[in-house]
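Please put together the full structure from these sequences, using the hints given.
Heads up: the sequence lines are chains X and B, in that order.
Under this note's numbering, residues 627 to 924 are what the first sequence spells out, in order.
Under this note's numbering, residues 627 to 924 are what the second sequence spells out, in order.
If you're looking for bench data, these hints aren't it; they were derived computationally from the structure.
Because the structure is a prediction, the values reported are computed rather than measured.
There could be a bad hint or two in this list.
When chains are identical, the list treats them as one kind, so a pair holds in a single copy or across two.
What the hints assert, rightly or not - In silico lysine-lysine, DSS-like type, Cα no more than 25 Å apart, as pairs:
| hint | residue 1 | residue 2 |
| --- | --- | --- |
| 1 | K851 | K823 |
| 2 | K843 | K655 |
| 3 | K636 | K707 |
| 4 | K706 | K760 |
| 5 | K807 | K885 |
| 6 | K715 | K635 |
| 7 | K648 | K760 |
| 8 | K885 | K648 |
| 9 | K885 | K681 |
| 10 | K742 | K760 |
| 11 | K912 | K843 |
| 12 | K646 | K807 |
| 13 | K734 | K807 |
| 14 | K843 | K807 |
| 15 | K653 | K742 |
| 16 | K823 | K807 |
| 17 | K809 | K823 |
| 18 | K841 | K654 |
| 19 | K706 | K642 |
| 20 | K635 | K760 |
| 21 | K823 | K648 |
| 22 | K823 | K843 |
| 23 | K841 | K807 |
| 24 | K742 | K851 |
| 25 | K912 | K841 |
2 protein chains.
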Amino acid sequence: MPAEIIDGKKISSEIKENLKGKLENLKKKGILPGLAAILVGDNPASQVYVNMKTKACEEVGIYSEVYRYPRELPESDLLKKIEELNQKKSIHGILVQFPTPEQISEEKVILAIDPKKDVDGFHPFNVGMMLAGKPTFLPCTPLGIQELLIRSGNDPSGKHVVILGRGSLVGRPLAPMLFQKAKGANATVTVCHTATKDLASLTLQADILIAAMGKAKFVTADMVKPGVVVIDVGTNRIEDPSTKSGYRLVGDVDFDSIKEVAGAITPVPGGVGPMTIAMLLSNTVKACEMQSRDRSTD
Amino acid sequence: MPAEIIDGKKISSEIKENLKGKLENLKKKGILPGLAAILVGDNPASQVYVNMKTKACEEVGIYSEVYRYPRELPESDLLKKIEELNQKKSIHGILVQFPTPEQISEEKVILAIDPKKDVDGFHPFNVGMMLAGKPTFLPCTPLGIQELLIRSGNDPSGKHVVILGRGSLVGRPLAPMLFQKAKGANATVTVCHTATKDLASLTLQADILIAAMGKAKFVTADMVKPGVVVIDVGTNRIEDPSTKSGYRLVGDVDFDSIKEVAGAITPVPGGVGPMTIAMLLSNTVKACEMQSRDRSTD
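In structure tokens form, the structure reads like this:
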């Protein structure tokens with residue numbers, strides 16, 4: 627029996643519908659969440675991402691501002707802009723689209739954003755709060771993966787989750803998020819990477835397999851056990867002369883063969899991607915609620 | 627063949643000898659690292675720990691101050707004292723001995739300590755820097771475990787490390803410390819806990835097993851594979867009428883049976899314990915070096 631498809635578009639739409647309700651309630655109190663997005667340079671993929679994010683804001687009713695700078699922007703100017711947005715009352719969340727040009731240190735940018743407005747969940751303070759299991763902003767992609775699992779009826783509690791990849795955006799934060807003692811977590815977690823020996827012996831043990839190493843179609847059907855739930859975080863471009871653009875996007879798992887073995891699987895595109903944006907919106911609304919509360923108790 | 631005993635006392639002595647050399651060099655520049663320890667209440671174990679820590683400071687040549695307060699100390703007074711120590715130039719590291727009495731929030735205490743003086747490595751900012759693989763203070767017990775492995779010739783790189791326990795002091799920070807791509811790390815890591823199913827099937831796969839769940843003699847010989855390296859973080863009191871005190875300390879693993887199967891094992895006491903204190907000293911010297919550098923470039 628072919629695997630159930632975990633539909634990230636549908637689940638993210640449900641989340642956005644819920645957010646619309648929250649936003650209606652905030653509107654009645656005269657509160658409008660605001661997101662500022664900063665884009666430096668003209669990387670085409672970055673432009674697409676920023677457009678998708680601000681379009682999604684508009685769709686649910688979040689106010690957004692976009693700042694586009696030429697690629698030569700001095701680091702100090704960017705840091706000044708961030709400081710200005712940190713102070714700006716109508717802005718509750720700030721995101722700087724990465725990668726930034728060479729002259730700009732991503733670490734300095736992350737540290738410059740007020741942790742209260744860090745809706746990407748990248749600031750070390752928020753990462754540390756996450757690891758300690760304290761309330762904070764969780765990074766959007768790992769949070770989206772966790773929501774996908776819960777809302778598709780695949781709660782990780784008590785399951786063996788095997789994560790492929792230890793990058794700072796997915797594997798590294800996701801591991802402690804899923805092994806902590808909390809609702810929608812509480813999994814036994816194994817983290818594998820390029821130095822892992824006999825990888826297949828570990829992936830074959832996974833009840834839930836999360837592929838996030840950025841290698842096209844790396845995970846094949848012989849590496850998973852029947853019934854496994856597969857979350858594919860990869861988005862790799864491969865050549866495909868049959869398409870208009872000459873390429874198409876594939877994940878880190880070989881979808882066609884694995885869907886015959888797995889119990890459930892996310893497609894690429896249409897799986898994790900839409901969830902990441904939904905969680906950014908969710909974090910922005912959360913940031914606004916927190917900041918409004920802080921102000922009312924000032 | 628019985629296991630090699632990994633001697634934490636001996637390895638921690640080597641580390642302390644190295645520190646003495648560093649301290650001599652700092653002395654020539656007129657620099658003396660200083661640690662402030664704060665103890666609230668009269669918990670006997672806490673008193674023992676603080677004494678051990680300050681005695682170790684004295685042994686290597688680190689200046690220390692101890693502040694002892696009655697158990698009724700208001701939280702605000704403690705936070706004021708921490709703020710004063712944050713500003714004090716002769717103090718480079720601050721430690722508050724936990725647990726604190728009920729009226730004092732450990733979270734507030736941790737957040738009050740300047741991350742630059744957080745030699746316990748508990749501040750969320752430092753925890754986040756650690757998870758991001760950036761230079762920071764690493765928490766003393768996980769760091770001690772990593773040093774034990776490296777210095778006993780059991781570098782975790784490429785090995786499968788199974789961690790039992792997900793507490794904030796050991797399992798939670800240790801997992802990302804060991805799976806990151808770095809010297810003395812680079813391991814495949816599995817984190818197990820109370821919700822893990824079929825625990826023995828996972829422990830049997832461990833090349834390195836780290837037991838940190840606080841259950842006396844929980845891990846038995848049938849749960850490990852021959853040649854495994856065992857790091858026992860547990861310190862559990864069990865009754866023993868044959869001793870003067872009526873009790874003795876045992877670890878989380880059944881030492882007597884496992885030492886016949888394992889390749890190497892830490893004893894309790896005398897394994898991880900002395901390493902934790904050595905790493906506190908090491909972090910204090912590091913804090914002093916960093917703060918001296920910051921001042922000289924002011």
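So, going through the hints one by one against the coordinates:
no.	hint	verdict
1	K851 <-> K823	both (18 Å within a copy, 17 Å between copies)
2	K843 <-> K655	neither (49 Å within a copy, 58 Å between copies)
3	K636 <-> K707	neither (36 Å within a copy, 53 Å between copies)
4	K706 <-> K760	between (30 Å within a copy, 24 Å between copies)
5	K807 <-> K885	neither (31 Å within a copy, 32 Å between copies)
6	K715 <-> K635	neither (32 Å within a copy, 56 Å between copies)
7	K648 <-> K760	within (23 Å within a copy, 37 Å between copies)
8	K885 <-> K648	neither (36 Å within a copy, 59 Å between copies)
9	K885 <-> K681	neither (32 Å within a copy, 62 Å between copies)
10	K742 <-> K760	both (14 Å within a copy, 21 Å between copies)
11	K912 <-> K843	neither (36 Å within a copy, 45 Å between copies)
12	K646 <-> K807	neither (30 Å within a copy, 41 Å between copies)
13	K734 <-> K807	between (32 Å within a copy, 22 Å between copies)
14	K843 <-> K807	between (32 Å within a copy, 23 Å between copies)
15	K653 <-> K742	within (21 Å within a copy, 42 Å between copies)
16	K823 <-> K807	between (29 Å within a copy, 15 Å between copies)
17	K809 <-> K823	between (32 Å within a copy, 17 Å between copies)
18	K841 <-> K654	neither (47 Å within a copy, 53 Å between copies)
19	K706 <-> K642	neither (32 Å within a copy, 45 Å between copies)
20	K635 <-> K760	neither (29 Å within a copy, 35 Å between copies)
21	K823 <-> K648	neither (47 Å within a copy, 39 Å between copies)
22	K823 <-> K843	within (19 Å within a copy, 30 Å between copies)
23	K841 <-> K807	between (31 Å within a copy, 18 Å between copies)
24	K742 <-> K851	neither (42 Å within a copy, 47 Å between copies)
25	K912 <-> K841	neither (34 Å within a copy, 39 Å between copies)
Checked against the numbered hints listed earlier, the structure breaks hints 2, 3, 5, 6, 8, 9, 11, 12, 18, 19, 20, 21, 24 and 25; every other hint is satisfied.
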